[in-house]
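> Please model the entire structure based on the sequences and the hints provided.
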Amino acid sequence: LQLYPEKELVFKGPFTKVVTTTLQLTNPTDKTVCFKVKTTAPKQYYVRPNSGIILSKKTINISIMLQPLLHDNPAELRHKFMVQSVFMPESGCNLETIWKSVPDGGFMDSKLRAVLLPVSEVRRRRLRISYLLSYTLY
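Residue numbers (the numbering used here): 5 to 142.
Treat the hints as calculated values from the structure; they're not laboratory data. No experiment lies behind these values; they were computed from the predicted model shown. Backbone N, C-alpha and C fix where the C-beta goes; we use that ideal spot for every residue, glycine too.
Here are the simulated lysine-lysine pairs, DSS-like style, with alpha carbons at most 25 Å apart:
id, residue 1, residue 2
1, Lys11, Lys47
2, Lys42, Lys21
3, Lys115, Lys84
4, Lys62, Lys115
5, Lys11, Lys42
6, Lys40, Lys61
7, Lys115, Lys40
8, Lys84, Lys21
Between beta-carbon pairs, the in silico distance windows are:
id, residue 1, residue 2, range
9, Ser60, Glu10, 18 to 24 Å
10, Lys21, Pro53, 20 to 26 Å
11, Lys61, Asp113, 21 to 27 Å
12, Gly96, Val123, 44 to 50 Å
13, Leu74, Pro32, 39 to 45 Å
Quick look at the structure:
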């Protein structure tokens, strides 16, 4: 299973309302893959869909919604995500039970960390990109 982004899920403030980012999952194989998404902070994020199947050579988008924060410094939060995947057995895939039937080490784990960028950091990065673009164009 290929993930985009591969290592970090970036959420851009303000964090007083729901902030959504997208995780893209691609199945480059010739087999159907079952997946599920886990997080270290399940009450803080809604993940849709949080499990499912991906047909051979197909891509799906996962919406990850960070709920409004009451925390003063979101950069201090150390939330993580894990995408687990396994090839679908020939007999089919029951998403409720397949994870219990796979032996340890029988599925693939991909880990990502959540990066929360406050509004000031988002603006700073946009200004830096604008500067770099204008500098390289002239």
